[in-house]
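Q: If you want the building blocks of each chain, they are given just below.
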Amino acid sequence: MMTTLYKKPIIAAPVNDPGEVASLVEAGAGEVYCGFLPERWRQHYSSYDSLSRRQGIIANASNEETLVEIAREAQRTGVPASLALNVRYSEGMLPEVLDYAAIWKQAGGQSVLVSDLGLLLALQKEHLGLQRYLSILAPVFNSRALNFYKHFGISRIVLPRSLSLEEMRVLTQSSPNIDFEAMVLNDRCEYIDGFCSFYHGIAFPPGVSTFFNYHQEMAEQKPLVYTQDLSYAGHGCQLQFRSVRGTIRPEPHDDCHQPHCAACYIKRLAASGIGYLKIGGRGLPSDIKVKAVRFIARACQIAEQHSQASFSRQPVKELYREVYGRDCGENRCYYPGEQIREV
Amino acid sequence: MEYAYWLKWQDTAGVIPSGARIYLGEECCERKIPALDLLMSWAWNLKDSGCNMTLVTPLVSESVLGQLEQMLDRLSRVFESYEVVCNDWGVFSLACERPFCQQVVGRLLARQDTDPRLAQILNYDFQKSQERDVRHVDGTIARLTYLPPPPEYETHLRRPSIITSTVLDYLGRTGAGRLELNNTLQGLDITLTSGWKASIYVPDVLVTMKRHCSICNLADDEGKDGAIDCSPAYTEWTHPSFPLPLYAKGNALYYFNQILPDNCENLDIDRIVSRLPEPASCT
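Residue numbers (the numbering used here), protein chains in the order written: chain V, 276 to 618; chain A, 162 to 444.
Chain A with its partners taken away, still in its complex shape (with noise of 0.2 Å):
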């Protein structure tokens, strides 16, 4: 099991594991793009360290393709292998012809179902407990019932859709071998074609996202120069159908789950994705 370390881009004096692989960049919010001279100034720091280099990339507007080519043909006179986790297909088929690039399925394309409600259906215990009588427009009351998913149902919310054969045929011929996914508190059932490996990411499981940050209540300038995390702590939102708290970081809202699947292995998983510093509230 390869032990890959995010770390925050905006830290010029981040502490680098030496030897590891290390993950740079942002995945959901195309303004918070590493600024070109700060990113290249971690590459060669990694390459003296003898670290891997991994850019996560985000969804990206036509006007910002041109800034991710730059930093694609600059780290490319860097490295003689680098990844880059692709959130946006624009990007991937951008990475795909690329030198020393290698292009990998990032979490926003592996589409996994993350609401972590979906863990509760899954519950047996727990929804008999809310069974109750309901009132129908015509007047009559019902018993609201539990009615345990089926198989396929339940093996359909533990797998990503990007993990169908003709699919990961499809990217592996354009060099593709690795997909990135969530933790999902339901767990997950996969089983990869040959050739393919995924990376698991621990804590944060991504949930949804909106183009532009206003979760925060992020002001329109930061971090518009991306030398600062404008968005740098995850705020707890509650509620109480949700099993447990959503996290609202930028433009995204995540929830955490640390418990790792037991049979990681099993599943083709060979890499664990750690933020570091941890989000505030799992330490």
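Bound-form chain V, shown alone (with noise of 0.2 Å):
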């Protein structure tokens, strides 16, 4: 049975300028997450996701100053701030990602987004004090995963996409001391994240301008630009594959300008114990970022006005119209199989 009772959710909001932190607090933010990508693990480990699952500068801070920036203006402005270090690692790096952890840390960050059982066991031994966040790339799918992971001190699990609202409920009910988030806006993938090995490369599409750093260094009377990956095409989950049957379509890009959404679900997550609710799309424009936080927070509003009996999606797909300026549409639904209570 559905409970109606409604705690208002904290959105998380995804940053990668500390400039960015006031204006998406302002829009309704209650805490911000970011990644980090710095020079020096660039030249080890390439600009691909491996230290966090978003690929590049652009959606990552990419030296130390603009990480330890965020979290002092996070601060600053009262809010939480979350570090990603969210994918697998090898043995090898694992000291350097918990040097990020400690610099993290020490300015100021609260807790870390995770994945990895070394990075927790090493988390564990280091007593960092930081908070550490299961991350959507440690699946959990039943109660006795979870309890699994809360030998690892986690105090919050951020649910995997393909979970139903009911399956929430059910997660959430069984372990009431700890906080749950769910992704409510961008990133949807049908990919299970953390089962999915398509690496996030950098890519090059001919004949299209693109964001890249290149160096000066003349060639042909040309600048360069490094890569390891010269034939990257895309994300795995984005290409049109070919196959007998013709070609496999992939699910809709992601696209900022029309998301893949869950506000009209808030009201049910916030019901099935969903505590925090995440923005995905660390590598967005500034404006977009804000856009998001604020319809989002406006959808929240929209389910605190009505009790369950009387909540209906119709204000909120509205709402996205008038932000987005078109339908949302079932291929945009996070949760498209949900059958909600229509009044």
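All clues stand as given, with none of them false.
With a Cα cut of at most 20 Å, we get these calculated EDC-like pairs of lysine to aspartate or glutamate:
| no. | chain 1 | residue 1 | chain 2 | residue 2 |
| --- | --- | --- | --- | --- |
| 1 | A | K410 | V | E526 |
| 2 | V | K425 | A | E223 |
| 3 | V | K425 | A | E258 |
| 4 | A | K410 | V | E465 |
| 5 | V | K400 | A | D330 |
| 6 | V | K283 | V | D454 |
| 7 | V | K592 | V | E613 |
| 8 | A | K358 | A | E163 |
| 9 | A | K358 | A | D423 |
| 10 | A | K358 | V | E366 |
| 11 | V | K497 | A | E292 |
| 12 | V | K425 | A | D330 |
| 13 | V | K380 | V | D292 |
| 14 | V | K497 | A | D299 |
| 15 | A | K169 | A | E439 |
| 16 | V | K566 | V | D530 |
| 17 | V | K425 | V | E401 |
| 18 | A | K289 | A | E315 |
| 19 | V | K497 | A | D294 |
| 20 | V | K400 | V | E366 |
| 21 | V | K592 | V | D529 |
| 22 | V | K566 | V | D602 |
Some chain V residues flagged as far from chain A (calculated, every beta-carbon gap over 12 Å):
| no. | residue |
| --- | --- |
| 23 | T341 |
| 24 | R347 |
| 25 | L403 |
| 26 | S430 |
| 27 | D529 |
| 28 | S561 |
| 29 | V565 |
| 30 | S587 |
Computed spacing ranges between beta-carbons, pair by pair:
| no. | chain 1 | residue 1 | chain 2 | residue 2 | range |
| --- | --- | --- | --- | --- | --- |
| 31 | V | R517 | A | K289 | 23 to 33 Å |
| 32 | V | G600 | A | P404 | 36 to 46 Å |
| 33 | A | A196 | V | D374 | 43 to 53 Å |
| 34 | A | E397 | V | H528 | 18 to 28 Å |
| 35 | A | R235 | V | P481 | 50 to 60 Å |
| 36 | A | D330 | V | A377 | 17 to 27 Å |
| 37 | A | K358 | V | G428 | 21 to 31 Å |
The set of hints was computed from the structure by calculation and includes no laboratory data.
The C-beta atom is built at its ideal place from N, Cα and C for all residues, glycine as well.
With the hints in hand, could you dock these two chains into one complex?
A: See below:
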């Protein structure tokens, strides 16, 4: 049975520049999270998704000063900040990753998003004083898996995108002393994050102007741009493969102008025990991020104004149309299979 | 080297190689967990043939945990020792509590990089052949140039993240001592701590998976009773940027790599797991 209690959830917003924090908080973010991809790491392990699941310096703080400034700015505006150290690491990487976690803590960061068992054990041993959130990259589908991860001192779990709201409810009820977070906007993917090995590289599509760092070393009178995979054409989930059955069309690409969305499920998410709503899109421009936070904050207000019995998706759908200038549509829905009680 | 055969549990009349280790079960889809009566009939046949049994399990939702629990309890009455390959930490903890059951870390939990394009990153000649001009948004034309990956990154690509001494020690304290690995195209670089051994799967390398099956246009009702193989065939997927085809089966995507690492035994790999019948594209 669905409980009718509604506790206003907190919005977790993506950030990659300290200058964004204040406007995101002003728009309604209750906390922020970011990634890190410093020069030293890029030299050793590429600019791909080797330190967090987002590749490149556009989606990550690209140096220590920026990272520290994000943590300080979050502190100044009174919101907690999380650092995504959420991919898998091999043993040789762990000292460096721990070092980044220590920098984050010292700068005022509150927590880290983690999925790697080796890092969880190392964080436990090091007593850095950071809260540990289990990333969406460590898939938890049942209460036993949740209990397994509890041994590593986690205080929050970001639930997999593919769980139904009812499955979320069962999990949250099994562990009342853990906080739960769910995705509500951007970055939907049909594959299970924690079991997907398609790597996130950097594409240079032919004939398309692109952002990149280039070096003014002259070769054939041209500057150079270095990469480790020149044939990278895009994330595996976004490519059109060919099969005997024809072209395999991927799910609609993530589009910040018509994002994947769960805004009309906020009421039910909150009732299912979800206390934190995550907005994806660390690499998006600042104005798009602010717009996203404002949209979700207004959707939360709509959810708050109605009881479960009187709640309808329609006002939220209208809000989506007002903010993004087009209808959300079922193929942009985070939980398309869910039955919403319409009034 | 031990050779293990992963049989289709749906084949009640499957040929059992006498004395071998037999894998049964599913690693990606909870809806394809073997039906209990069929599994038990396999279990007794295997016991009579002097075979060792390994049950392969997928990630599972809450509602399926009870089903697996029942399965493990029943198997514990047949075998004095059997293995359960766990691809969900919840199932792993369940297996830890069962008598006669040896929990094995499945390849979904071993966390390897299995995108076949990663092998291309290490291919100098291929990458050099792709160098070209690209245009920055500021209008600058730059030469896209190959930067070979540093040795640390190469090592990382070849090493599953479960293989760190602290993690293996932690899991070893639960009684686990085996992990399952993909035979990745970029090769393997592993050193196991004492008490641990690895199996390698040939030829299928698991790349990614969805929660539910739609890759093969599986109808929702098919396979629900667990008695039929609802996705018997691998469907080939190709893309020009991939060095080899992917194969869709059920809710997962694979590629095939039949060439074993030269140094299998130096890598503490003591078991090769092959599917029988072999995937059609490999024969």
